[in-house]
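Given the structure of chain W, go ahead and fit chain L onto it with the hints provided.
Chains as they are written, first to last, in the numbering used here: chain W, 1 to 119; chain L, 120 to 230.
No wet-lab data here; the hints were simulated from the structure.
Some hints could be false.
Covered by chain L, according to a simulated footprint, are these stretches of chain W (three or more residues, beta-carbon under 8 Å) [as the list claims (entries may be wrong)]: (1) 20–29; (2) 102–110.
The following residues of chain W were derived to be distant from chain L, with all beta-carbon distances above 10 Å [said to hold, decoys possible]: (3) P9; (4) L11; (5) G45; (6) P58.
Mimicking DSS-like on lysine-lysine, the simulated pairs with C-alpha atoms at most 27 Å apart in a straight line are [what the hints assert, rightly or not]: (7) L:K166 <-> W:K76; (8) W:K44 <-> L:K166; (9) L:K187 <-> W:K44; (10) W:K44 <-> W:K13; (11) L:K187 <-> L:K166; (12) W:K13 <-> W:K65; (13) W:K82 <-> W:K44; (14) W:K65 <-> W:K82; (15) W:K76 <-> W:K65; (16) W:K44 <-> W:K76; (17) L:K166 <-> W:K82; (18) W:K13 <-> W:K82.
Fair warning: this is a prediction, and the values are worked out from it, not measured in the lab.
Glycine included, C-beta positions come from ideal geometry on N, C-alpha and C.
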Amino acid sequence: QVQLQESGPGLVKPSETLSLTCAVSGYSISSGFYWGWIRQPPGKGLEWIGSFYYSESPYYNPSLKSRVTISVDTSKNQFSLKLSSVTAADTAVYYCARRSTSWDSFDYWGQGTLVTVSS
Amino acid sequence: QSVLTQPPSVSGAPGQRVTISCTGSSSNIGAGYDVHWYQQLPGTAPKLLIYGNSNRPSGVPARFFDSKSGTSASLAITGLQAEDEADYFCQSYDSSLSASVFGTGTTVTVL
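Pulled out of the complex, with its shape left as it was, chain W reads as follows (with noise of 0.2 Å):
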């Protein structure tokens, strides 16, 4: 059974980074499929901030791309997100999600980690 894990800090000071790993257990990042960040802001929809394939760069949001960095630690078989210089605006639950390779659809998903940015 595919598991993913998100962890990090819930509460970062504006205009600093913020920075969360994903744990996934079940299944090797580097045996195939697509791996991604998606956010939601309390009561609000869901945004795709980035996804990766494990031999490829990541490919990001545009309107985030100039903030967002997406890695990848296959002998940990996990991924981190750092996002810099937030704001309010970027408080959200983030999710971390395994992408299909031939649909672009979310199949397995993380509990969510709500990250607060205030000061």
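Chain L alone, transformed into the frame defined by chain W:
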């Protein structure tokens, strides 16, 4: 602001059928990109409901089915049950934005 528009809410009595629309444009649904649907129960992560060409993951009942026409897509739920109370989101790809995009979301209420 999402480029895929959904009605904020729909409701129906148990056993009835409800339909959720997802309205896009020529750069996403109208361009032929696949539409996927998710169900999000309160306080939980989204769950994939339908993907690609009307495929349902294992365990998703056949009461959920989708359709697509022009620049819009729809999710129908037949035989509405109390457990179907949730938020529903559509998702597609937008070539103008070069990004995966989600709908604004619809809350389904079972009366």
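We went through each hint and held it up to the structure:
1. 20–29: With 0 residues in contact (Cβ-Cβ under 8 Å with chain L), the coverage given for the region 20–29 of chain W is violated.
2. 102–110: holds (count 8)
3. P9: holds (20 Å)
4. L11: For W:L11, whose nearest Cβ neighbour in chain L is about 20 Å away, the distance exceeds 10 Å, so it holds.
5. G45: It is violated; W:G45 is separated from chain L by about 5 Å at its closest Cβ, not greater than 10 Å.
6. P58: holds (13 Å)
7. L:K166 <-> W:K76: Since the Cα atoms of L:K166 and W:K76 sit roughly 26 Å apart, the hinted pair holds (cutoff 27 Å).
8. W:K44 <-> L:K166: holds (16 Å)
9. L:K187 <-> W:K44: Holds, at roughly 25 Å.
10. W:K44 <-> W:K13: holds (22 Å)
11. L:K187 <-> L:K166: Distance of about 20 Å is within 27 Å: holds.
12. W:K13 <-> W:K65: holds (20 Å)
13. W:K82 <-> W:K44: It holds: about 22 Å lies between the C-alpha atoms, which stays within 27 Å.
14. W:K65 <-> W:K82: Between W:K65 and W:K82 the Cα gap is close to 11 Å, so the pair holds against 27 Å.
15. W:K76 <-> W:K65: holds (25 Å)
16. W:K44 <-> W:K76: violated (33 Å)
17. L:K166 <-> W:K82: Cα-Cα ~25 Å, so holds.
18. W:K13 <-> W:K82: It holds: about 14 Å lies between the C-alpha atoms, which stays within 27 Å.
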